[in-house]
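Q: Each chain, letter by letter, is given below.
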Amino acid sequence: MADEGNGIIRLRSSDGKVFELTESAAEISELLKDSPREEDDEVTEIDIVRVASPCLEKVVEFMKHYDEEKMKEIPTPLGGSTFNEVMDQPWYQDFVSDEKMNRDMLFNMLSAANFLGIKPLLDLTCLKVTFQITGKNAEEIRELLRLPELTPEEEAKAREEHSWIFEEA
Amino acid sequence: MSIPHGPLDINTMIPDDIMEEILGWLLTSELVKSVSGVSNRFRNLAKRDQFWQRKLKEMVYQQRYSNKASGGERSYELPEGLGQHQLQRCCWFLEHKVQHLNVAKNTADGTGGEGSATSEDPKSSDVDPPSFLEHGPVLYRRTDASMLFHHRLDGLQRVVSLASSTDHPHECIENILEENSLRQRPPDWDRIRNSDRISDITVMEGRQASVFSFRQPWWSSVARSDPDLPETLAFSTRYPLTLVTEVAIKPYADWTMQTYSWKKWIVRVYNLPPLSPTVSLVADEAADGEEAPPEPIYQTHTTCPSTVWISSYDMLPMTASKSLTVEQRTAEAFKYLARQTPAYESPLLDTPPPRNNAWQYHELPSGVIGNVITITLVGKNFRQFEESGYYACVQRVATRGIPLHKSQEVAAAPRLESRMNINDRKARFISRAVPLLVLSP
Numbered sequence: 001m002a003d004e005g006n007g008i009i010r011l012r013s014s015d016g017k018v019f020e021l022t023e024s025a026a027e028i029s030e031l032l033k034d035s036p037r038e039e040d041d042e043v044t045e046i047d048i049v050r051v052a053s054p055c056l057e058k059v060v061e062f063m064k065h066y067d068e069e070k071m072k073e074i075p076t077p078l079g080g081s082t083f084n085e086v087m088d089q090p091w092y093q094d095f096v097s098d099e100k101m102n103r104d105m106l107f108n109m110l111s112a113a114n115f116l117g118i119k120p121l122l123d124l125t126c127l128k129v130t131f132q133i134t135g136k137n138a139e140e141i142r143e144l145l146r147l148p149e150l151t152p153e154e155e156a157k158a159r160e161e162h163s164w165i166f167e168e169a
Numbered sequence: 001m002s003i004p005h006g007p008l009d010i011n012t013m014i015p016d017d018i019m020e021e022i023l024g025w026l027l028t029s030e031l032v033k034s035v036s037g038v039s040n041r042f043r044n045l046a047k048r049d050q051f052w053q054r055k056l057k058e059m060v061y062q063q064r065y066s067n068k069a070s071g072g073e074r075s076y077e078l079p080e081g082l083g084q085h086q087l088q089r090c091c092w093f094l095e096h097k098v099q100h101l102n103v104a105k106n107t108a109d110g111t112g113g114e115g116s117a118t119s120e121d122p123k124s125s126d127v128d129p130p131s132f133l134e135h136g137p138v139l140y141r142r143t144d145a146s147m148l149f150h151h152r153l154d155g156l157q158r159v160v161s162l163a164s165s166t167d168h169p170h171e172c173i174e175n176i177l178e179e180n181s182l183r184q185r186p187p188d189w190d191r192i193r194n195s196d197r198i199s200d201i202t203v204m205e206g207r208q209a210s211v212f213s214f215r216q217p218w219w220s221s222v223a224r225s226d227p228d229l230p231e232t233l234a235f236s237t238r239y240p241l242t243l244v245t246e247v248a249i250k251p252y253a254d255w256t257m258q259t260y261s262w263k264k265w266i267v268r269v270y271n272l273p274p275l276s277p278t279v280s281l282v283a284d285e286a287a288d289g290e291e292a293p294p295e296p297i298y299q300t301h302t303t304c305p306s307t308v309w310i311s312s313y314d315m316l317p318m319t320a321s322k323s324l325t326v327e328q329r330t331a332e333a334f335k336y337l338a339r340q341t342p343a344y345e346s347p348l349l350d351t352p353p354p355r356n357n358a359w360q361y362h363e364l365p366s367g368v369i370g371n372v373i374t375i376t377l378v379g380k381n382f383r384q385f386e387e388s389g390y391y392a393c394v395q396r397v398a399t400r401g402i403p404l405h406k407s408q409e410v411a412a413a414p415r416l417e418s419r420m421n422i423n424d425r426k427a428r429f430i431s432r433a434v435p436l437l438v439l440s441p
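Protein sequence lines, in the order shown, are assigned to chains A and B. The working numbering applies: residue 1 is where the first sequence begins, and numbers increase by one. The working numbering applies: residue 1 is where the second sequence begins, and numbers increase by one.
Worth flagging that the hints you see were computed from the coordinates, not collected in a lab. Hints are not guaranteed to be accurate.
Claimed, not checked - In silico DSSO-like pairs for lysine-lysine, Cα to Cα no more than 30 Å straight-line:
| # | chain 1 | residue 1 | chain 2 | residue 2 |
| --- | --- | --- | --- | --- |
| 1 | B | 335 | A | 157 |
| 2 | A | 72 | A | 119 |
| 3 | A | 70 | B | 57 |
| 4 | A | 157 | B | 264 |
| 5 | B | 57 | A | 72 |
| 6 | B | 97 | B | 33 |
| 7 | B | 57 | A | 136 |
| 8 | A | 119 | B | 57 |
| 9 | B | 33 | A | 136 |
| 10 | A | 136 | A | 119 |
| 11 | A | 136 | B | 47 |
| 12 | B | 47 | A | 119 |
| 13 | B | 57 | B | 33 |
What the hints assert, rightly or not - Now the in silico label distances, taken between C-beta atoms and shown as ranges:
| # | chain 1 | residue 1 | chain 2 | residue 2 | range |
| --- | --- | --- | --- | --- | --- |
| 14 | B | 81 | A | 34 | 40 to 50 Å |
| 15 | B | 254 | A | 82 | 51 to 61 Å |
| 16 | A | 155 | B | 335 | 48 to 58 Å |
| 17 | A | 82 | B | 40 | 24 to 34 Å |
| 18 | B | 335 | A | 82 | 29 to 39 Å |
| 19 | A | 93 | B | 354 | 51 to 61 Å |
| 20 | A | 98 | B | 17 | 21 to 31 Å |
C-beta atoms are modelled at their ideal positions from N, C-alpha and C, and glycine is treated no differently.
Kindly produce the complete structure, drawing on both the sequences and the hints.
A: Spelled out as structure tokens, the structure:
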């Protein structure tokens with residue numbers, strides 16, 4: 001039997017690619033932690049059917065790094081007005097930077113983190129989305145998230161609900 | 001499961017609880033101005049009372065406990081029945097406070113705040129919150145309080161301020177309330193905060209005659225032979241519910257500069273359940289051709305025996321019983337108050353040296369919400385004469401906070417014109433006893 005935490009976990013993506021990480025790195029995921037394993041097996045294979053390989057590769061990269069450098073908890077409310085002020089660890093800043101992660105990948109990662117139960121990754125991606133929304137008007141947010149436009153009636157209703165601000169601000 | 005191809009459908013791939021987490025980190029201003037108009041889903045998420053309750057609680061926790069050693073018990077009880085608008089106003093105000101502190105800190109650190117992702121330019125961030133939050137005095141003006149005191153309606157005497165004792169009617173508690181007049185400067189809060197010397201505040205401040213010219217502008221307790229006896233001053237806020245931020249009190253110094261100060265003081269804020277107006281009051285208003293009063297802000301009814309802080313929402317009416325003296329009625333009102341649990345109680349606050357009549361200032365912790373503020377003056381320092389008892393005298397009391405309107409309808413209710421003829425003003429003031437709670441400064 002493998003020593004506790006020293007076993008190998010192989011994650012198979014929805015398109016069949018396999019990524020390896022140690023048991024201790026996989027502990028961060030609620031789903032992987034609770035997955036059934038054979039006691040004598042040094043290597044456990046788990047199918048992650050809801051996550052494609054490009055995304056799973058990044059998820060595994062995150063889990064491996066987290067095993068070496070824990071991500072600080074994100075305070076609520078946020079303790080800063082920019083993403084880098086709130087997340088002051090360079091590796092994590094870089095991991096979700098615009099250069100390294102496009103919009104679709106960010107939302108895929110968010111969805112994967114939610115599916116796998118990886119709270120720090122979920123927090124990090126949610127934080128990134130929060131700052132992508134921040135400072136944008138409703139139309140820009142709709143464009144970012146590719147959401148349909150509101151009907152004029154719905155828009156009027158939304159404004160009416162907060163007229164105390166729109167009229168006086 | 002197959003890999004989704006084509007454009008991502010973010011709306012369906014992110015569940016509500018995750019979307020709520022994302023929105024929960026946004027500033028209230030963003031949520032209200034932009035996000036709620038993005039889509040019906042966003043609007044519905046940002047409309048949930050639980051969402052705002054959680055946001056407010058987290059904000060209060062952070063502001064109250066972030067600098068304290070971890071492990072301590074964190075507690076904060078939101079008043080029952082806070083509506084969406086009230087929660088939003090609280091959140092917006094507390095966020096502004098944090099932003100301002102951060103900007104001040106960054107400026108001091110030389111870090112500036114460049115590249116801020118917030119929509120507000122840090123350089124333009126001012127000490128004052130947005131004007132629609134109406135950060136300002138929360139107690140009734142002196143004139144309005146005096147009018148109420150002198151007018152009985154339905155046999156009930158309504159008061160908005162009470163003192164545990166008053167030496168003489170012309171030294172009544174209403175004297176120390178702020179006045180909206182050219183003759184009295186509004187308090188300078190920056191100076192109040194930093195005031196620790198007599199010279200900081202002119203001793204003549206607040207001494208101008210009030211509209212009732214026979215009154216002297218101070219409140220005095222009765223003479224007490226025991227210098228340790230406390231005195232309590234109670235004030236109802238002029239709004240049904242208020243986020244109280246600061247309280248200040250200034251001891252009175254007479255022309256010889258004798259200061260009738262106290263040894264310590266305590267601030268308490270109560271959130272009393274206001275009652276709906278009496279039936280006869282409603283009937284009287286209807287008979288006068290006035291518009292029917294709006295539905296009570298609160299539907300909560302509690303029975304208060306004999307003496308009461310009953311009747312209208314935010315006033316402190318005393319019993320109508322003619323068999324009781326004013327002193328007895330006051331004592332009963334304070335007994336009622338003593339049975340209530342305060343929403344906030346300060347520690348025993350220190351005072352400047354006894355002969356100093358500078359403002360005494362207390363900043364309340366974040367999130368203190370209520371409708372009655374009391375100030376207990378613990379102990380007294382001086383007698384007037386060698387043979388007389390000990391007195392506590394107050395020249396002025398000042399408060400700040402933001403009104404928590406339940407909805408925009410309440411905020412938009414008619415306001416009292418400051419230039420009205422005094423009789424018209426009085427008549428209108430009384431006839432509008434119910435919407436009194438929305439009188440503007």
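Q: Each hint should be assessed against the structure and marked as holding or not.
A: Now the hints, each set against the structure:
no., hint, verdict
1, 335(B) <-> 157(A), "violated, 48 Å"
2, 72(A) <-> 119(A), "holds, 12 Å"
3, 70(A) <-> 57(B), "holds, 27 Å"
4, 157(A) <-> 264(B), "violated, 52 Å"
5, 57(B) <-> 72(A), "holds, 22 Å"
6, 97(B) <-> 33(B), "holds, 19 Å"
7, 57(B) <-> 136(A), "holds, 26 Å"
8, 119(A) <-> 57(B), "holds, 22 Å"
9, 33(B) <-> 136(A), "holds, 10 Å"
10, 136(A) <-> 119(A), "holds, 26 Å"
11, 136(A) <-> 47(B), "holds, 19 Å"
12, 47(B) <-> 119(A), "holds, 26 Å"
13, 57(B) <-> 33(B), "holds, 21 Å"
14, 81(B) <-> 34(A): 40 to 50 Å, "holds, 41 Å"
15, 254(B) <-> 82(A): 51 to 61 Å, "holds, 56 Å"
16, 155(A) <-> 335(B): 48 to 58 Å, "holds, 54 Å"
17, 82(A) <-> 40(B): 24 to 34 Å, "holds, 30 Å"
18, 335(B) <-> 82(A): 29 to 39 Å, "violated, 54 Å"
19, 93(A) <-> 354(B): 51 to 61 Å, "holds, 56 Å"
20, 98(A) <-> 17(B): 21 to 31 Å, "holds, 26 Å"
The earlier numbered hints that this structure contradicts are 1, 4 and 18.
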